[in-house]
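Peer 1: Chains as they are written, first to last, in the working numbering: chain A, 1 to 272; chain B, 1 to 402.
It is worth saying that the hints were derived from the structure and are not from the lab.
In this text, all values refer to a predicted model and were calculated from it rather than measured experimentally.
Careful: at least some of the hints might be erroneous.
[What the hints assert, rightly or not] Derived DSS-like pairs: lysine-lysine, alpha-carbon spacing no greater than 30 Å straight-line: (1) K269(B) with K224(A); (2) K202(B) with K123(A); (3) K57(B) with K223(A); (4) K283(B) with K223(A); (5) K30(B) with K138(A); (6) K259(A) with K269(B); (7) K68(A) with K234(B); (8) K266(B) with K123(A); (9) K224(A) with K57(B); (10) K36(A) with K210(A); (11) K68(A) with K30(B); (12) K123(A) with K283(B); (13) K123(A) with K261(B); (14) K324(B) with K347(B); (15) K68(A) with K230(B); (16) K123(A) with K393(B); (17) K224(A) with K261(B); (18) K6(A) with K186(A); (19) K57(B) with K259(A); (20) K36(A) with K266(B); (21) K202(B) with K68(A); (22) K234(B) with K260(A); (23) K259(A) with K266(B); (24) K30(B) with K110(A); (25) K68(A) with K222(B); (26) K64(A) with K260(A); (27) K223(A) with K234(B); (28) K64(A) with K202(B); (29) K283(B) with K260(A); (30) K375(B) with K260(A); (31) K260(A) with K186(A); (32) K222(B) with K90(A); (33) K202(B) with K222(B).
[As the list claims (entries may be wrong)] Just so you have them, the derived chain A footprint on chain B, three or more residues with Cβ under 8 Å: (34) 38 to 47; (35) 210 to 224.
[Stated by the list, open to error] Computed Cβ-Cβ distance ranges for the label pairs, DEER-style: (36) N301(B) with E28(A): 51 to 61 Å; (37) E89(A) with E226(B): 20 to 30 Å; (38) R390(B) with D11(A): 51 to 61 Å; (39) D131(A) with N253(B): 27 to 37 Å.
Built from N, CA and C at the ideal position, the CB exists for glycine as well.
Each chain, letter by letter, is given below.
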Amino acid sequence: MPIETKFTGTDTYVASDDLMAAVEVAMELQKPLLIKGEPGTGKTMLAEAVAKSLNKELLIWNIKSTTKAQDGLYIYDTIQRLYDSQFGEKGVDDIAHYIKLGKLGEAFKKEEQVILLIDEIDKADLEFPNDLLWELDKMEFYINETKETVKAKIRPIVIITSNAEKELPDAFLRRCIFHYITFPGKDLMRQIVNAHFENLQEHLLEQAIKTFYWIRDIRDIRKKPSTSELIDWLRALMIGGIEPDTIQKKLPYLGVLVKKDEDLEIVKQMNV
Amino acid sequence: MFTSFFYTLKSSGLNISATEWLTLMEALDKGLAHSSFTDFYYLCRTVLVKNEGEYDKLDAAFLEYFKNIKEEKLDMEQIDKWLHNDAKSGKLTNPELYKDTRTKREAVEVHRMFRERLNEQNSEHNGGNYWIGTGGGSEFGKNGRVAGGIQLGNEAGMKTAFAVMGERRYKDFRRDTKLSMRQFQVAFRELRQYSRKLDLPKTELDIDGTIDSTCNQGGYLKLEFEQPRKNTVKLMLLFDSGGSMYPYSELCNQLFQAVNKANHFKDVKTFYFHNCIYAKLYKTPECLSGDWIDTQWAFRNYDKEYKVIIIGDAGMAPEEFLDKNGNYSGPNNGLSGHEWMQLFRSKYPHSIWLNPSYHGDLTKLYWMESERLIKEIVDMYPLTVDGLKRGIKKLMSNQQRS
Chain A
1 MPIETKFTGT DTYVASDDLM AAVEVAMELQ KPLLIKGEPG TGKTMLAEAV AKSLNKELLI
61 WNIKSTTKAQ DGLYIYDTIQ RLYDSQFGEK GVDDIAHYIK LGKLGEAFKK EEQVILLIDE
121 IDKADLEFPN DLLWELDKME FYINETKETV KAKIRPIVII TSNAEKELPD AFLRRCIFHY
181 ITFPGKDLMR QIVNAHFENL QEHLLEQAIK TFYWIRDIRD IRKKPSTSEL IDWLRALMIG
241 GIEPDTIQKK LPYLGVLVKK DEDLEIVKQM NV
Chain B
1 MFTSFFYTLK SSGLNISATE WLTLMEALDK GLAHSSFTDF YYLCRTVLVK NEGEYDKLDA
61 AFLEYFKNIK EEKLDMEQID KWLHNDAKSG KLTNPELYKD TRTKREAVEV HRMFRERLNE
121 QNSEHNGGNY WIGTGGGSEF GKNGRVAGGI QLGNEAGMKT AFAVMGERRY KDFRRDTKLS
181 MRQFQVAFRE LRQYSRKLDL PKTELDIDGT IDSTCNQGGY LKLEFEQPRK NTVKLMLLFD
241 SGGSMYPYSE LCNQLFQAVN KANHFKDVKT FYFHNCIYAK LYKTPECLSG DWIDTQWAFR
301 NYDKEYKVII IGDAGMAPEE FLDKNGNYSG PNNGLSGHEW MQLFRSKYPH SIWLNPSYHG
361 DLTKLYWMES ERLIKEIVDM YPLTVDGLKR GIKKLMSNQQ RS
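Kindly generate the complete structure, drawing on both the sequences and the hints.
Peer 2: And the structure:
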C-alpha cells in the first residue's frame with residue numbers, strides 16, 4: 001500500500017468533502033483539529049481512520065471528569081519512590097526514574113510523526129483546555145523535577161473531540177481548526193453502511209435506512225439513534241434473517257436502535 | 001484584498017480575532033483553497049468559525065459578500081434578515097396576542113399568498129399583522145402566532161405554523177446570545193461546599209495520617225489514604241414558565257444548560273411554575289395540569305439543605321398574588337401566592353430569586369407591586385452573569401435573612 005500524504009478516508013471510514021478539507025487544513029497549518037458532532041457520527045473513529053490512511057501510529061488520551069492537564073504531560077510517582085526508599089531499591093536517587101510521561105509527553109518523544117487523539121475534552125474540568133494552551137502551541141513542556149524540557153521532535157497531528165457538554169474557552173478555540181460533523185444524509189449513510197458490510201442486501205438496507213430516518217424524524221424522541229446504532233441494528237437484522245418488507249411494520253430488535261423507555265413507547269405509538 | 005471581507009464577516013456578528021484571520025491568510029498562502037470556491041468556503045469555515053451555532057452567520061456573510069456569483073430563485077438571505085431582528089424586538093407583553101383568532105386557511109392558498117407577499121415586500125417588518133417578519137400576527141414569518149401560516153426559520157416554541165421553509169442547513173444551531181453560557185458555568189463553579197463525609201473509596205494520600213502511622217511504627221513507612229473531598233451542594237431550580245417569560249426563554253435556557261452541564265453538584269432538581277409558586281410544582285415547562293407534584297410533597301422530600309434558585313419575572317397582578325383564589329392555572333389550596341412564598345422561604349432558607357426584568361428600586365408602581373412584595377420575602381437579583389454571581393454569594397453565605 002502506498003503511503004498517503006493526504007487524508008481521503010479509508011475502506012471503512014467514509015469522510016465527507018468538508019471533513020477531508022478540514023483535516024488537510026489542520027495538517028498543513030499544524031494546528032489541532034477540534035471535532036464536534038452528535039454522538040455516533042464517528043468523531044473518535046476519524047482519528048483512527050486518519051492514522052490508518054497516513055500509516056502513522058495513533059496515541060489516544062481519553063479524558064475523564066477527573067483528568068488534569070498535568071496527567072497528559074508527566075506524573076512524578078512520589079509514593080512509589082517513598083516506598084522504594086524504605087527498601088533501598090536501586091535507582092531511588094534518580095528522580096527521572098519516577099517520572100512517567102503522559103500521552104502528550106509520549107507523543108512528543110516519538111521519533112516519527114504520530115496522531116494524538118485527545119478524546120472527549122469536554123469531560124474534564126472547565127479550565128482544562130486553557131491549561132494545555134502553551135503545550136499545544138509550542139509542543140513542549142518543562143519537567144520541574146529533572147529540569148528537563150520535553151520538546152516534540154516532529155509535531156504530532158492533534159485531533160480533539162468534544163461532545164459539547166461544556167463550552168470551551170475562546171483562547172483555546174482560537175488556536176484550533178474546527179469542524180462540526182453533521183449527521184449524514186441518506187446517500188452518505190448508504191456509503192457508510194456499505195463500508196461496514198460486505199454483502200448487504202440492497203433491499204434490506206433500503207428498508208432499514210427508511211425506518212431509521214423515520215425514527216430520527218419523530219419530533220418527541222429524546223435520544224435519536226446514531227450511525228453506530230444503525231450498524232448494530234443491521235447486523236441484528238441480518239443475523240435474525242428478518243424479511244426486509246416487514247421491518248417498517250414490525251420494527252424488530254427495536255431496542256438496539258432506541259435505548260430509552262419513553263422513546264420506545266413513542267415509536268410504538270407512532271407506528272400504530 | 002480580503003480586508004473588506006473580514007469586515008463583512010465581523011459585521012455579521014462573527015467574533016473573529018486577528019490570530020484567526022492571519023491563520024486564514026497563511027492557509028491561502030499555502031494554497032489550501034485550491035483555487036476553488038467550495039474549498040475556500042470550507043477553509044474559511046474551518047479556520048474562522050469555532051461553533052456550529054455560528055455556521056449560519058458565515059453562510060449569510062458569504063451570500064452577502066459573494067452574492068453576485070450566486071444564483072437564487074427565492075431570496076432566503078433577504079427574508080432571513082427580516083426575521084433576524086426578533087432578539088431585539090424584546091417583550092411580547094400581552095398574552096391575548098398569542099391566542100389563535102383565525103380559522104385555518106387552505107395550504108395552497110397560504111402558499112400563494114406567501115409568494116405574492118414576498119413580491120410586494122422590500123423591507124424588514126417585525127410585529128405587524130401583514131408583512132413577513134417576526135413576532136407578529138401575520139401568516140408569514142418567525143415565531144408567529146397564526147395557525148396554518150408559513151413559518152420561516154423556525155426556532156422554537158410557538159408551533160402555530162404548519163410549514164418551515166428555509167434552506168440553510170445550520171439554521172437550527174443558530175443562537176444570538178448576549179451572554180455566553182460559559183460565563184454562567186464559571187459563576188456556578190462558586191456554588192461548592194466540600195465535604196469528606198460521603199461514601200466514597202479512599203483514594204487520596206492522607207499526609208498527616210501517613211506521618212502519624214509511620215511514626216507509630218518507628219519509622220517504618222505506612223501509607224494512609226482518605227476519601228476525596230466532594231461537592232455537597234444540592235440545587236433546586238424553579239423556572240417561571242408563564243407567557244410573560246417568553247421573551248426570556250433563550251436566557252433561561254442558557255442558565256438551565258449551564259446547570260445541566262455543570263457536573264459538580266450532588267443533586268439537581270428542576271421544576272416549573274406559572275407566575276408564582278402555589279400548591280403544585282410542574283415537572284415540565286408546558287405546565288400541564290396533572291403533570292405536577294405537590295409543593296408540600298417537595299417540602300417533605302427535599303430537605304432544607306437544598307439551595308433554591310427561582311427564575312421568574314415576578315410580573316403578576318397583585319390580586320393574583322394576594323388573593324386566596326388568585327391562581328388561575330391551578331389550585332391554591334387555601335393559601336395565597338404571598339403565603340405560599342413565605343412558606344417556601346421558611347422551608348428553604350437558602351433561596352434566591354433571579355429576575356430577567358428586574359426593576360430594582362423602581363417597584364413602587366402599581367403593576368410592580370408583586371415584584372416588591374416578593375423581594376421582601378426572597379432576595380432578588382437580575383438574571384445576568386453579575387446578578388447570578390451575587391446571588392450565589394448570597395446562597396453560599398450562611399447568614400440568614402432576618
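Peer 1: I'd like to know which numbered hints this structure contradicts. Please list them from smallest to largest.
Peer 2: The structure breaks hints 11, 19 and 30; every other hint is satisfied.
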